[in-house]
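Peer 1: Each chain is listed here by its residues.
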Amino acid sequence: MEDSKLVSMANQIAAFFSAYPDAEAEAALRDHIKLFWTPRMRQLLDVRIQEQPAGIEPLVVRALSRQPPAAEDAGPIGKLASGPNTLGELASDAG
Amino acid sequence: MTLLRELDTGTPIRLAAETVALVIDGQGVTVPKGTSVMAATAMLGTQIPKLCATDSLEAFGSCRLCLVQIEGRRGYPASCTTPAEDGMVVHTQNEAIAKRRRGVMELYISDHPLTCLTCSANGDCELQDMAGAVGLREVRYGYAGENHLDAPTDASNPYFTFEASKCIACSRCVRACEEIQGTFALTMEGRGFASKISAGGTDFMSSECVSCGACVQACPTATLNEKSVIQLGTPDRAVVTTCAYCGVGCSFKAEMKGETVVRMVPYKDGGANEGHSCVKGRFAFGYATHKDRKTKPMIRAAITDPWQEVSWEQAIAHAASEFKRLQAQYGRDSVGGITSSRCTNEETYLVQKLVRGAFGNNNVDTCARVCHSPTGYGLKATLGTSAGTQDFASVAYADVILVIGANPTDGHPVFASRMKRRLRQGAKLIVADPRRIDLVKSPHVRAQHHLQLLPGTNVALLNAMAHVIVREGLVNEAYVSERCETGAFESWARFVALEQNSPEASEEFTGVSASEVRAAARLYATGGNAAIYYGLGVTEHSQGSTTVMAMANLAMATGNVGKLGAGLNPLRGQNNVQGSCDMGSFPHEYPGYRHVSDESTRALFEADWDAVLSPDPGLRIPNMLDEAVGGHFKGLYIQGEDIAQSDPDTKHVTAGLRAMECVVIQDLFLNETAKYAHVFLPGSSFLEKDGTFTNAERRINRVRKVMTPLGGLADWEATVALSNALGFPMEYNHASEIMDEIARLTPSFSGVSYEKLDQVGSLQWPCNDAAPMGTPMMHVDKFVRGKGRFMLTAFVPTEERTGARFPLILTTGRILSQYNVGAQTRRTENSRWHEEDVLEIHPFDAENRGVLDGEMVSLESRSGDIALRARISERMQPGVVYTTFHHATTGANVVTTDQSDWATNCPEYKVTAVQVRRTNRPSNWQEQFAREDLSLTRIFVPAPATAAE
Numbered sequence: 001m002e003d004s005k006l007v008s009m010a011n012q013i014a015a016f017f018s019a020y021p022d023a024e025a026e027a028a029l030r031d032h033i034k035l036f037w038t039p040r041m042r043q044l045l046d047v048r049i050q051e052q053p054a055g056i057e058p059l060v061v062r063a064l065s066r067q068p069p070a071a072e073d074a075g076p077i078g079k080l081a082s083g084p085n086t087l088g089e090l091a092s093d094a095g
Numbered sequence: 001m002t003l004l005r006e007l008d009t010g011t012p013i014r015l016a017a018e019t020v021a022l023v024i025d026g027q028g029v030t031v032p033k034g035t036s037v038m039a040a041t042a043m044l045g046t047q048i049p050k051l052c053a054t055d056s057l058e059a060f061g062s063c064r065l066c067l068v069q070i071e072g073r074r075g076y077p078a079s080c081t082t083p084a085e086d087g088m089v090v091h092t093q094n095e096a097i098a099k100r101r102r103g104v105m106e107l108y109i110s111d112h113p114l115t116c117l118t119c120s121a122n123g124d125c126e127l128q129d130m131a132g133a134v135g136l137r138e139v140r141y142g143y144a145g146e147n148h149l150d151a152p153t154d155a156s157n158p159y160f161t162f163e164a165s166k167c168i169a170c171s172r173c174v175r176a177c178e179e180i181q182g183t184f185a186l187t188m189e190g191r192g193f194a195s196k197i198s199a200g201g202t203d204f205m206s207s208e209c210v211s212c213g214a215c216v217q218a219c220p221t222a223t224l225n226e227k228s229v230i231q232l233g234t235p236d237r238a239v240v241t242t243c244a245y246c247g248v249g250c251s252f253k254a255e256m257k258g259e260t261v262v263r264m265v266p267y268k269d270g271g272a273n274e275g276h277s278c279v280k281g282r283f284a285f286g287y288a289t290h291k292d293r294k295t296k297p298m299i300r301a302a303i304t305d306p307w308q309e310v311s312w313e314q315a316i317a318h319a320a321s322e323f324k325r326l327q328a329q330y331g332r333d334s335v336g337g338i339t340s341s342r343c344t345n346e347e348t349y350l351v352q353k354l355v356r357g358a359f360g361n362n363n364v365d366t367c368a369r370v371c372h373s374p375t376g377y378g379l380k381a382t383l384g385t386s387a388g389t390q391d392f393a394s395v396a397y398a399d400v401i402l403v404i405g406a407n408p409t410d411g412h413p414v415f416a417s418r419m420k421r422r423l424r425q426g427a428k429l430i431v432a433d434p435r436r437i438d439l440v441k442s443p444h445v446r447a448q449h450h451l452q453l454l455p456g457t458n459v460a461l462l463n464a465m466a467h468v469i470v471r472e473g474l475v476n477e478a479y480v481s482e483r484c485e486t487g488a489f490e491s492w493a494r495f496v497a498l499e500q501n502s503p504e505a506s507e508e509f510t511g512v513s514a515s516e517v518r519a520a521a522r523l524y525a526t527g528g529n530a531a532i533y534y535g536l537g538v539t540e541h542s543q544g545s546t547t548v549m550a551m552a553n554l555a556m557a558t559g560n561v562g563k564l565g566a567g568l569n570p571l572r573g574q575n576n577v578q579g580s581c582d583m584g585s586f587p588h589e590y591p592g593y594r595h596v597s598d599e600s601t602r603a604l605f606e607a608d609w610d611a612v613l614s615p616d617p618g619l620r621i622p623n624m625l626d627e628a629v630g631g632h633f634k635g636l637y638i639q640g641e642d643i644a645q646s647d648p649d650t651k652h653v654t655a656g657l658r659a660m661e662c663v664v665i666q667d668l669f670l671n672e673t674a675k676y677a678h679v680f681l682p683g684s685s686f687l688e689k690d691g692t693f694t695n696a697e698r699r700i701n702r703v704r705k706v707m708t709p710l711g712g713l714a715d716w717e718a719t720v721a722l723s724n725a726l727g728f729p730m731e732y733n734h735a736s737e738i739m740d741e742i743a744r745l746t747p748s749f750s751g752v753s754y755e756k757l758d759q760v761g762s763l764q765w766p767c768n769d770a771a772p773m774g775t776p777m778m779h780v781d782k783f784v785r786g787k788g789r790f791m792l793t794a795f796v797p798t799e800e801r802t803g804a805r806f807p808l809i810l811t812t813g814r815i816l817s818q819y820n821v822g823a824q825t826r827r828t829e830n831s832r833w834h835e836e837d838v839l840e841i842h843p844f845d846a847e848n849r850g851v852l853d854g855e856m857v858s859l860e861s862r863s864g865d866i867a868l869r870a871r872i873s874e875r876m877q878p879g880v881v882y883t884t885f886h887h888a889t890t891g892a893n894v895v896t897t898d899q900s901d902w903a904t905n906c907p908e909y910k911v912t913a914v915q916v917r918r919t920n921r922p923s924n925w926q927e928q929f930a931r932e933d934l935s936l937t938r939i940f941v942p943a944p945a946t947a948a949e
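In order, the protein sequence lines correspond to chains A and B.
With the working numbering, letter number 33 in the first sequence gets 33, and the count goes up by one each step, no holes.
With the working numbering, letter number 464 in the second sequence gets 464, and the count goes up by one each step, no holes.
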């Protein structure tokens with residue numbers, strides 16, 4: 001997979017989350033990529049950020065360059081990964 | 001199961017809390033207020049003779065056959081038009097009534113052909129039945145008088161005939177077209193003896209008739225009759241099953257003679273359709289036995305080789321061997337699978353199980369990737385689960401209906417009929433669509449607001465509506481404070497209140513006047529129960545997921561989730577899109593929308609499947625193709641999908657497929673993708689297997705086998721064989737055992753079983769201990785995620801921009817008679833209505849280019865070009881053109897691009913910058929297609945053995 005494609009995808013994600021305050025946006029972008037990208041895609045993007053960050057949105061670089069805080073608060077999409085045990089009272093209804 | 005005749009109460013059963021008690025023929029009965037005497041009598045098990053009445057239609061009172069006597073009342077009132085009342089004493093049979101009924105029947109029969117023995121409806125004719133029921137023994141008037149016996153037959157429709165000589169002018173067909181279908185194509189022309197049914201003064205094929213079959217269903221005689229019945233005779237058994245076309249999921253009786261389907265008749269007890277149908281489900285089932293079906297497994301070493309027919313064992317062993325070789329050579333993640341929204345829940349479940357268990361990765365995806373994946377993301381983020389909130393019946397309680405990015409009269413016609421019924425009752429309609437779709441203005445339906453936005457600007461439009469709602473104090477604050485996250489709401493309210501989101505500011509992007517947006521927003525917020533129905537015009541955008549969230553924001557802000565007549569309702573494209581998603585077809589989720597990284601869920605599946613499962617998300621379809629082009633993805637098992645035709649940027653898709661070393665296609669036909677395949681496994685149609693489909697309202701319906709699989713195996717049996725050959729054992733004796741496993745492992749399906757489905761007909765998930773009979777409406781008291789979450793939905797214009805080179809925007813979609821890639825409908829008479837894909841273009845744009853209606857034009861984008869005929873249409877707005885993707889030879893997706901939704905990679909089919917020019921030749925791609933249509937589909941035919949040998 002071409003890393004330019006991954007950059008484009010990451011920039012699109014950043015465009016959505018940039019409406020949020022910085023800390024929330026960074027957490028959400030980090031969550032999103034971890035939830036939906038394969039390890040290889042994540043690794044390719046990490047390499048690209050390290051070697052050639054030009055053209056990559058600053059939000060992407062910030063979010064993926066920093067280690068997440070140990071107890072990061074759930075961002076805007078924090079519950080997307082949640083299973084029925086952790087969603088809400090009716091979560092077992094919906095899987 | 002045999003049930004050719006369903007109970008017909010003559011008039012609709014009313015729903016009313018108040019009841020009335022009366023006595024009919026000496027028996028007491030209590031019925032809801034508003035029930036007719038005829039229906040009340042039917043509830044006692046007595047059928048009053050009738051001809052113009054049937055319980056799918058309102059009472060009409062014209063045939064005078066159903067008359068009764070009521071104590072204390074004069075004369076002989078028609079039981080169909082007389083409401084049951086408290087204390088009423090009714091007599092349905094006595095000599096005086098019988099005499100009058102015979103007199104009525106005499107008149108009917110005096111002008112009706114007496115050819116019962118050779119009539120196609122012999123044995124299935126209400127007129128014949130009623131003649132028997134009333135004891136008609138003679139016709140005193142003779143048959144020599146003026147009559148209609150020589151009236152002509154209209155056989156123009158490919159599926160049914162109209163034999164006017166047999167018509168009794170009961171108007172059931174006219175009323176069915178009006179009340180059930182809502183098309184108003186038929187009328188009663190003339191008066192008195194000259195009365196006759198007319199399809200608007202022309203033949204049926206040329207008329208506005210949409211061939212839904214409602215008139216055929218309603219006709220009490222052979223006047224409107226299926227050609228298949230005329231050809232084959234009346235059926236001898238019926239099996240209730242589910243349509244394999246769109247996401248409405250209509251229930252049908254497959255009426256059979258042996259293993260031959262005579263006709264598909266909509267089932268009155270079907271929860272989704274309640275006895276209605278469309279031209280596809282009702283009539284277009286012939287593809288299932290079409291001569292193009294491939295029923296022998298085949299293999300080949302290279303795609304340029306001819307196919308070799310082999311046994312199932314050889315094909316499965318070859319496929320398994322190849323997948324093992326590829327994983328050994330290129331790594332565990334070099335292969336994957338694609339499940340199908342046209343296959344059953346059980347089949348999609350098994351394919352994802354095979355990928356996760358046998359391949360050992362999560363490289364499984366489904367065609368929902370290219371349609372409703374943003375629905376999953378957007379609704380889960382805001383409400384907590386990936387599902388429509390209502391059942392279809394809820395629309396009957398809507399006061400305001402917002403249809404956005406959907407064309408229900410074409411895409412979901414049976415639901416559209418329900419919607420139009422509510423609109424005729426007075427509900428208000430807002431249509432947000434770049435095209436003037438039929439709903440904007442059709443008989444007795446007119447949108448109060450048509451927000452004719454430019455493609456790609458849904459988010460700007462919805463934010464503008466939200467701006468009005470917030471700035472004008474129209475938020476349902478009590479609802480929001482009780483049910484939603486306060487902080488997120490406040491952030492959202494501040495965001496949408498910004499001037500940049502005002503209708504005036506958005507007008508520049510959307511092209512919709514600010515005053516129209518303001519009026520629509522006020523109507524949505526204050527007009528009563530407000531329901532949103534949406535389709536792929538929402539999801540297939542670079543901001544598809546954002547649009548879904550923006551709609552959820554609107555619905556939550558106005559308190560329109562969790563009550564009848566409201567909600568967020570995705571109209572799913574294919575029959576089992578909902579189910580394929582529910583069954584864990586996405587690369588990041590197990591069945592029941594649980595992420596693969598969730599340790600407790602993964603442990604559950606590992607224990608049940610006796611496998612070690614990967615905690616990392618796998619590749620989505622577009623990622624698979626990218627990785628294939630890059631040389632990292634080598635093998636793909638595709639069940640019932642045709643990505644070479646359906647997915648965007650065809651050249652990229654086929655480049656990816658060509659780069660793979662083992663593509664296994666399981667399908668009814670040698671489809672476009674099969675041109676790039678190495679193993680072909682014969683698929684089985686919905687008529688050849690047991691299973692379930694889940695429709696857009698989360699309704700799980702049974703699919704029942706009515707004939708032996710033509711290829712020998714049901715699709716799920718082929719997957720089992722492949723998995724076993726891969727060394728990941730599966731053992732099921734019947735599809736019901738797969739559902740038992742699904743129920744065991746999926747909380748939302750824990751109460752589902754074939755036994756219960758057979759008992760109750762259908763179940764809407766969640767179906768579990770808390771809701772053993774299912775859940776018609778979700779989020780009633782609380783959202784699934786707990787508190788509803790408002791999301792910030794900034795408008796980000798798509799990167800697909802128009803300019804001097806590509807000044808027009810192409811948007812694609814589908815039409816009523818064809819379905820998706822057309823693999824099914826193109827192999828039926830439906831093609832009579834749509835023989836080729838055409839380019840709809842506004843007269844202004846056509847004139848600018850010197851294009852005349854019907855001329856060939858070149859349609860070119862940054863991805864590629866094709867040639868097709870132009871159709872000049874004022875349904876389009878200037879600057880926007882439209883086509884369908886039903887015909888492989890057209891190649892509409894050669895033109896679409898790889899732009900996709902930011903969250904899900906759902907392709908942006910709805911926005912492609914294009915240019916249109918006159919042309920007189922096919923495009924280079926189309927010429928190559930024509931060549932490869934022969935060279936890549938050859939099947940080796942062994943030379944016949946000679947006598948000497």
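Hints may be right or wrong, so weigh each one.
Subject to a maximum C-alpha distance of 30 Å in a straight line, what follows is the list of computed DSS-like cross-link-like pairs (lysine-lysine) [what the hints assert, rightly or not]:
| id | chain 1 | residue 1 | chain 2 | residue 2 |
| --- | --- | --- | --- | --- |
| 1 | A | K5 | B | K651 |
| 2 | B | K33 | B | K196 |
| 3 | B | K756 | B | K705 |
| 4 | B | K787 | B | K33 |
| 5 | B | K227 | B | K291 |
| 6 | B | K782 | A | K34 |
| 7 | B | K257 | B | K296 |
| 8 | B | K428 | B | K33 |
| 9 | B | K196 | B | K227 |
| 10 | B | K268 | B | K227 |
| 11 | B | K227 | A | K34 |
| 12 | A | K34 | B | K324 |
Pairwise CB distance ranges (calculated) [as the list claims (entries may be wrong)]:
| id | chain 1 | residue 1 | chain 2 | residue 2 | range |
| --- | --- | --- | --- | --- | --- |
| 13 | A | P58 | B | G761 | 49 to 59 Å |
| 14 | A | Q50 | B | T708 | 55 to 65 Å |
| 15 | B | G803 | A | E51 | 49 to 59 Å |
| 16 | B | Q448 | A | E2 | 39 to 49 Å |
| 17 | B | E835 | A | Q50 | 48 to 58 Å |
| 18 | A | E51 | B | V780 | 28 to 38 Å |
| 19 | B | G712 | A | E2 | 36 to 46 Å |
| 20 | B | R832 | A | P21 | 19 to 29 Å |
| 21 | B | R862 | A | P58 | 20 to 30 Å |
| 22 | A | E2 | B | S513 | 38 to 48 Å |
| 23 | B | L934 | A | Q50 | 47 to 57 Å |
| 24 | B | D769 | A | P21 | 25 to 35 Å |
| 25 | B | D740 | A | E2 | 54 to 64 Å |
Partial list, computed: chain B residues near chain A (C-beta under 7 Å) [stated by the list, open to error]:
| id | residue |
| --- | --- |
| 26 | L117 |
| 27 | H588 |
| 28 | L604 |
| 29 | D608 |
| 30 | V612 |
| 31 | D616 |
| 32 | E627 |
| 33 | G630 |
Source of the hints: derived by calculation from the structure; they are not laboratory data.
Here a beta-carbon is modelled for each residue, glycine too, at the ideal position from N, C-alpha and C.
Peer 1: Does each hint fit the structure? Answer for all of them.
Peer 2: To see whether the hints hold, each was checked on the structure:
1. A:K5 <-> B:K651: 17 Å, holds
2. B:K33 <-> B:K196: Violated: B:K33 and B:K196 sit about 35 Å apart, past 30 Å.
3. B:K756 <-> B:K705: Since the Cα atoms of B:K756 and B:K705 sit roughly 18 Å apart, the hinted pair holds (cutoff 30 Å).
4. B:K787 <-> B:K33: Violated, at roughly 40 Å.
5. B:K227 <-> B:K291: Holds, because 20 Å separates the two Cα atoms, which is no more than 30 Å.
6. B:K782 <-> A:K34: With Cα atoms ~29 Å apart, B:K782 and A:K34 stay inside 30 Å; holds.
7. B:K257 <-> B:K296: 25 Å, holds
8. B:K428 <-> B:K33: Holds: B:K428 and B:K33 sit about 28 Å apart, inside 30 Å.
9. B:K196 <-> B:K227: 22 Å, holds
10. B:K268 <-> B:K227: 22 Å, holds
11. B:K227 <-> A:K34: Status violated; Cα separation ~57 Å.
12. A:K34 <-> B:K324: 28 Å, holds
13. A:P58 <-> B:G761: 49 to 59 Å: 56 Å, holds
14. A:Q50 <-> B:T708: 55 to 65 Å: 60 Å, holds
15. B:G803 <-> A:E51: 49 to 59 Å: 33 Å, violated
16. B:Q448 <-> A:E2: 39 to 49 Å: 48 Å, holds
17. B:E835 <-> A:Q50: 48 to 58 Å: 56 Å, holds
18. A:E51 <-> B:V780: 28 to 38 Å: 53 Å, violated
19. B:G712 <-> A:E2: 36 to 46 Å: Taking Cβ atoms as reference, B:G712 and A:E2 lie about 43 Å apart, which means the hint holds.
20. B:R832 <-> A:P21: 19 to 29 Å: 58 Å, violated
21. B:R862 <-> A:P58: 20 to 30 Å: The hinted range 20 to 30 Å holds for B:R862 and A:P58, with Cβ atoms some 28 Å apart.
22. A:E2 <-> B:S513: 38 to 48 Å: 43 Å, holds
23. B:L934 <-> A:Q50: 47 to 57 Å: Given range 47 to 57 Å: holds, Cβ gap about 50 Å.
24. B:D769 <-> A:P21: 25 to 35 Å: 41 Å, violated
25. B:D740 <-> A:E2: 54 to 64 Å: Given a distance of about 45 Å, which is not inside 54 to 64 Å, the answer is violated.
26. L117: 57 Å, violated
27. H588: 6 Å, holds
28. L604: 10 Å, violated
29. D608: At about 16 Å, which exceeds the 7 Å cut-off, the nearest Cβ of chain A leaves the hint on B:D608 violated.
30. V612: With Cβ-Cβ at 16 Å, over 7 Å, it is violated.
31. D616: Cβ of B:D616 sits 5 Å from chain A, so the hint holds.
32. E627: 5 Å, holds
33. G630: 5 Å, holds
Checked against the numbered hints given earlier, this structure breaks hints 2, 4, 11, 15, 18, 20, 24, 25, 26, 28, 29 and 30; the rest are met.
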